[in-house]
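Enquirer: Residue strings, one per chain:
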Amino acid sequence: MSALFPRWTNTFARVAAVSAVGVPVVALSAVMLLQRTPYVTNQHVELVQPIQFDHRHHNWEEGIDCRFCHAQVETSATAGIPATSLCMGCHAQVFNKSPRLEPLRQAYFSKTPVAWKRVHDLPDFVYFNHSIHVRKGVGCVTCHGRVDRMPMVYQAEPLTMQWCVDCHRAPQQHLRPLDAVTDMQWQAPVSAAQRAELGQRLAQANDVHPRTACDTCHR
Amino acid sequence: MTTKPPPAVTWRLPVLDNPVGAPRSHESVYGHAYWRSVEEQRGEGAGPSGEFLPGASLLDAMTRREAMTLLGASAALAGVGCTMKPSDTILPYHQAPEGLTIGNPQQYATAMSVGGVATPLLVTAREGRPVKIEGNPGVPWSGGASGPFEQAELLCLYDPLRLKRFSQNGEPVAKEDALAALTRLTEMASKKNKGAGVRLLLEPNGSPSREALLAALAESLPNAKVLMHAPLYPHARYAGAQLALGRRLEPHYRFQNARVILSLDADFTFPHGPGLRQARAFAESREPGPSMSRLYVVEPSLTITGSMADHRLRMRASDIEAFTRALVALLSRQLPALAQVPGAEATPASPFLEAVAADVVKAGPRAVLVVGDRQPAAVHAFAHAVNGALGSIGETVTFTAPAHTAHVDALQSLVADIERGAAESVIIFGGNPVYSAPAHLGLAASLKKVPTFYGGLYEDETARVSRWVLPASHFLESWGDVRLADGSVALTQPLVEPLYETVSEAQVLGALLGRFAAPAAWSFKESWRQRSTVTGDFEAHFAQWLRAGWVTQSAFSTETPVVNFAAVAEAAKTPAVEGMELALTVDSKVFDGRYAQVPWLQELPDPLTKVVWDNAALVSPKTAEQLGFPKQHFKGTDGYRVPLLRITAHGQSLEVPAFVLPGHADNSVSLALGYGGSSHDKTVAQSVGVNAYRLRATENSWLSPCTVENTGRHHTLVCTQEHWDMHQRDLALQAVRDEATQTLALDTFDHFEGRWKKKPLVEHLQTLKGPQPALYDYAPREVAKTRVEYRWGMAIDLNRCTGCSACVTACYAENNIPTVGKEGVKRNREMAWLRVDRYFIGELDTPGVITQPIPCMQCETAPCEYVCPVNATSHSEEGLNDMVYNRCIGTRYCANNCPYKVRRFNYFHYHQNKTPSERLAMNPEVTVRARGVMEKCTYCVQRIERARIEYRREGQAIPDGAVQTACQQACPTQAIAFGNLNDPQARVSRLHASERRYDLLHDLNTRPRTVYLARVKNPHPGLS
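Chains as they are written, first to last, in my numbering: chain W, 1 to 219; chain L, 1 to 1024.
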């Protein structure tokens, strides 16, 4: 009796069997991986702002504390973008003829806001609160990166839920003394043991016990 | 053989279908035969329903082919419209406002007054826009409660259909021109005849700053007339006081001191203004214990107060005077002071009357009679006489001067003046009198004859007949002051700059005085400064008043009037209404009609009828039969098919849908005022209800004879009473207090003996609380995993709940809950996270009523969580059953598996088409849900998290009372307690430990965190 099917159908069957499982798995993984790439998370994307504000100059060179401009970071959910009048508080005196600050002066005198582009944009169903993180010893650098070295601010971390939850589950690695929260230069101890010991101590001292229940961030 | 004691916890099989074997007939009013509608009582209900009513998820008139086409198209196009995350901008302030932190709410005290009823408020603003209105707890007067009207004012502010332009004869004019026209009017009228032709029609609110403006106006226009008018003004209340006490006085009831309360057609717990305080005082008097009060109610239609009654007598409103006279006759035999008031003719004594009389005499000064504002002055006078004879005045009722006055015949005299040429120009501010005037008065036609200025929020009936139309500012946009019922002055401060170019009443009066150039805030303060009598720094005082929301110690002094019994004895008798009686009622949703365009309120089920988006002529089952409709047809998602009645009174007739309300008096029709305005042609209230004002005899009449005929045509009413079925189990429990033994018992149906039996409450509730035995022990492991500081829980005291539904509206406002419209509710798609179930108990004509608010129970072993395929609903360690909207894929398994039926599904993207102004009302702390997502009560988790962060920042624990859910905050009677069950001192923990506590559907072992406290009835031993 001759074969019912030609020999090549064996290969076809094997390929089909593998594909039947493999293609959906690969396709699904691709989508899920894509979601985690900077292409979707906007990580490392430098946005062109209406005014080329340079944090290197303000923070690194001039040593202005983050909280001078982002003043409500310790009291509110949002760190806040300074009012135009705060910018003009200095720039009425310094660089007051600079052409690069022309949009600022225009905004100030016409009383229209500067339309800054949002760099760190969480979805609307996520409720992040700056004040509690700062109060518990999570540094600005931890989430925002070395803003003092950024000519144009970009999103340094992925800001995915995985990334948030990793820290909420084990925050010790990310804590720093409260007086170093806005310190861009602060370095954690290099040795792992010392780092862990410091993390434990800070978590205890500042009563850090983050929650991971859904309602922590989703309301 | 030894007999074993029964196990402490017994297994009880869940009853899945019809009742606990309970028969439809029953021996006791306080028994367990609960029913939700007349149809259900007769066994003609919609039948068993599943997750939603059948048909809730069906599309309109769509064939399979159309559905497949759409399905194919949407599958093919899925992904075509996808884009990357849109970029967003941040717009900083030019100059940061003082005291504002972006992201943190601010609260300001203010006050409102509608139609003469004032409430002090505390309003929350986010980034300068008001988002939530609460009662002001700092004013001892209200205790922080608020009713549905107060909550709904928010949507009035942001209503996209508010008047936005000034016009003259329909043509737009500049605001300055309109105000200049007012100034010119004063100048000319002053020269001509000192303003004799000028008429001002205003709403009474007792505002001292307005009085000052009017006094100034009287200097330039001494002959002008100011008419105060509100369509629901309680004229009879003051006339009764005048008659019995010799002067117009405002009664203030101190129910917390009362032991026996007799309400004669008085809905004193109506959740608005003074009703909020009265409801709380009443709830305090109902604490089960030796001093628990007893409430008798005599009324035609069921009210929320009537539903709380221990004994309720249904009686036509126009027969209540005869009842009162008979009561006085009985009492005058026992109370010597009443001897001068033989008052009444002897009627055949009823056991009810005798029990009331005996109880009232027994309680002495601790008894109080309350009379409804629909009753004629004579009934009020009789009540004052009885209260006076009992010594109740000063004990359970006190008096002050009224906060304001109004004219009994304001509209009538206005029309008369216009017709005889005495009135040459009319200035109306607020109230929409053309809509609320009786039809035969012809106010609209008269107003067209003279130059009329009208300041109002909407382009309504009055605006249409007025020559000049001035868009009015909302109270949240303007400065002002109002008098609360006890005379205290509460200040109205604006929360937001006027959204549109509008004028406030003060600005209109200022324009008449030629003073409109001054900024409103400045002139308001100056007005107070000029009248101020405070010693010391005025600025400091004024700032303190604004902060507190009221002028401290500004209440009128309490008066102790003496009853003039001789005058009461001669009180004129109101002729009895023969045949059918028409009793107009104040609606708990639209008030005098001004809230008709508020979707939160239109969609709020009426506390008793549960009808939404309509008013209906309420009749008793017997009257319905006489009118030829023994049945009204309820067919699931087709709503109620009810007959249209033609009601004729005073030469006017109206076609009104009928609705059978158990417990209604025979030969009487109750019809709510406030619906059917034609001003809302373009709004949500288009063709909703009928305008019952048309049937009024005079501008303040309530009761009149009428003829009713069945037109034979039909109307579809939508009513939620049969939605969300929990299958008749031990739901809303009610115990009976035995006065002699001070014990609580309830009737339970004994399955073995097949009959109702009295059982001690505590014994019965033992089987209805605490954990059930489980097959495996999982709870301790869950708890041990994390440190749990807070265990959130709620307790709802049914003994305090009046069913007023303030909580439901507060929940809508706090949680961005969408409204779905009449058609949506008909299909069981209403989105209320918190519903108030209403059950009738007992007979069709004399039913008991119990109301039960049902939020999410936050079950510890939540059935919804097990069935979610994507973990969109899961448990927090603190006991909250979290709902994660962005995970939800809309299978609706959870709603199916929820035995309490508290989950709501977004069939459509209800928020999508909101106008920019409506979006301003949204709470930014709560996610706006999209189509295809399930949602439910969260215990106001956003408030918990805000408090947690605020207290943790300071290193403190959240104290009891720091987190209030929106429903709890609004509740006039404090029936809802919320807090941390780990704190034994918290109110919620004390209520959880109460002997009246029970768990809803306890046999399912869901371990709900929301528990109930059984209601207690306090019947008269001789009547029960």
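It should be emphasised that the hints constitute simulated quantities derived from the structure, not laboratory data.
All residues carry an ideal CB built from backbone N, CA and C; glycine is no exception.
A hint or two may mislead.
Unchecked claim - List of simulated lysine-lysine pairs, BS3-like, C-alpha gap at most 27 Å: (1) Lys225(L) <-> Lys448(L); (2) Lys191(L) <-> Lys449(L); (3) Lys111(W) <-> Lys225(L); (4) Lys111(W) <-> Lys175(L); (5) Lys117(W) <-> Lys914(L); (6) Lys164(L) <-> Lys175(L); (7) Lys191(L) <-> Lys164(L); (8) Lys117(W) <-> Lys525(L); (9) Lys622(L) <-> Lys175(L); (10) Lys164(L) <-> Lys192(L); (11) Lys769(L) <-> Lys164(L); (12) Lys769(L) <-> Lys759(L).
What the hints assert, rightly or not - According to the in silico footprint, chain W covers these stretches of chain L (three or more CB under 8 Å from chain W): (13) 572-578; (14) 921-927; (15) 941-952.
Said to hold, decoys possible - Label pairs and their in silico Cβ distance ranges: (16) Ser85(W) <-> Met188(L): 47 to 57 Å; (17) Ser74(L) <-> Trp163(W): 50 to 60 Å; (18) Arg919(L) <-> Phe128(W): 18 to 28 Å.
Enquirer: If a hint holds in the structure, say so; if it doesn't, say that too.
Expert: Each hint, compared with the structure:
With a C-alpha separation of about 19 Å, the suggested pair Lys225(L) and Lys448(L) falls inside the 27 Å cut-off, and the hint holds. A hinted pair counts as satisfied when its Cα atoms are at most 27 Å apart, and Lys191(L) with Lys449(L) qualifies at roughly 22 Å. Of the supplied pair hints, the one linking Lys111(W) and Lys225(L) is violated, its CA atoms being roughly 47 Å apart against a limit of 27 Å. Taking the CA atoms of Lys111(W) and Lys175(L), the gap is about 25 Å. The hint holds against a cut of 27 Å.
Among the hinted pairs, Lys117(W) with Lys914(L) is consistent with the structure: their alpha-carbon atoms are about 26 Å apart, no more than 27 Å. Of the pairs offered as hints, the one joining Lys164(L) and Lys175(L) holds, with about 11 Å between alpha carbons and a cut-off of 27 Å not exceeded. Distance check on the hinted pair: Lys191(L) and Lys164(L) sit about 33 Å apart at the alpha-carbon level, beyond 27 Å; violated. About 43 Å separates the Cα atoms of Lys117(W) and Lys525(L), which puts this hinted pair outside 27 Å; it is violated.
Distance check on the hinted pair: Lys622(L) and Lys175(L) sit about 57 Å apart at the alpha-carbon level, beyond 27 Å; violated. For a cut-off of 27 Å, the pair hint linking Lys164(L) to Lys192(L) is broken: about 33 Å separates their Cα positions. A C-alpha spacing of about 57 Å is found between Lys769(L) and Lys164(L), which places the hinted pair above 27 Å, so the restraint is violated. For the proposed pair Lys769(L) and Lys759(L), the alpha carbon gap of about 16 Å is at most 27 Å, so the pair holds.
Given a C-beta distance limit of less than 8 Å, the hint that chain W covers the segment 572-578 of chain L is violated, as 0 residues qualify and 3 are needed. Coverage of the segment 921-927 of chain L by chain W holds. Counting CB-CB distances below 8 Å, 3 residues qualify, and the rule asks for three or more. Beta-carbon proximity to chain W at under 8 Å applies to 6 residues in the segment 941-952 of chain L; the threshold of 3 is reached and the given coverage holds. Ser85(W) and Met188(L) have their C-beta atoms about 48 Å apart, which keeps the hinted 47 to 57 Å range intact.
For the pair Ser74(L) and Trp163(W), the supplied restraint of 50 to 60 Å is violated, since their beta-carbon distance comes to about 33 Å. Checked against the hint of 18 to 28 Å, the pair Arg919(L) and Phe128(W) passes, with Cβ atoms roughly 22 Å apart.
The structure fails to meet hints 3, 7, 8, 9, 10, 11, 13, 17 from the earlier list, while all remaining hints are met.
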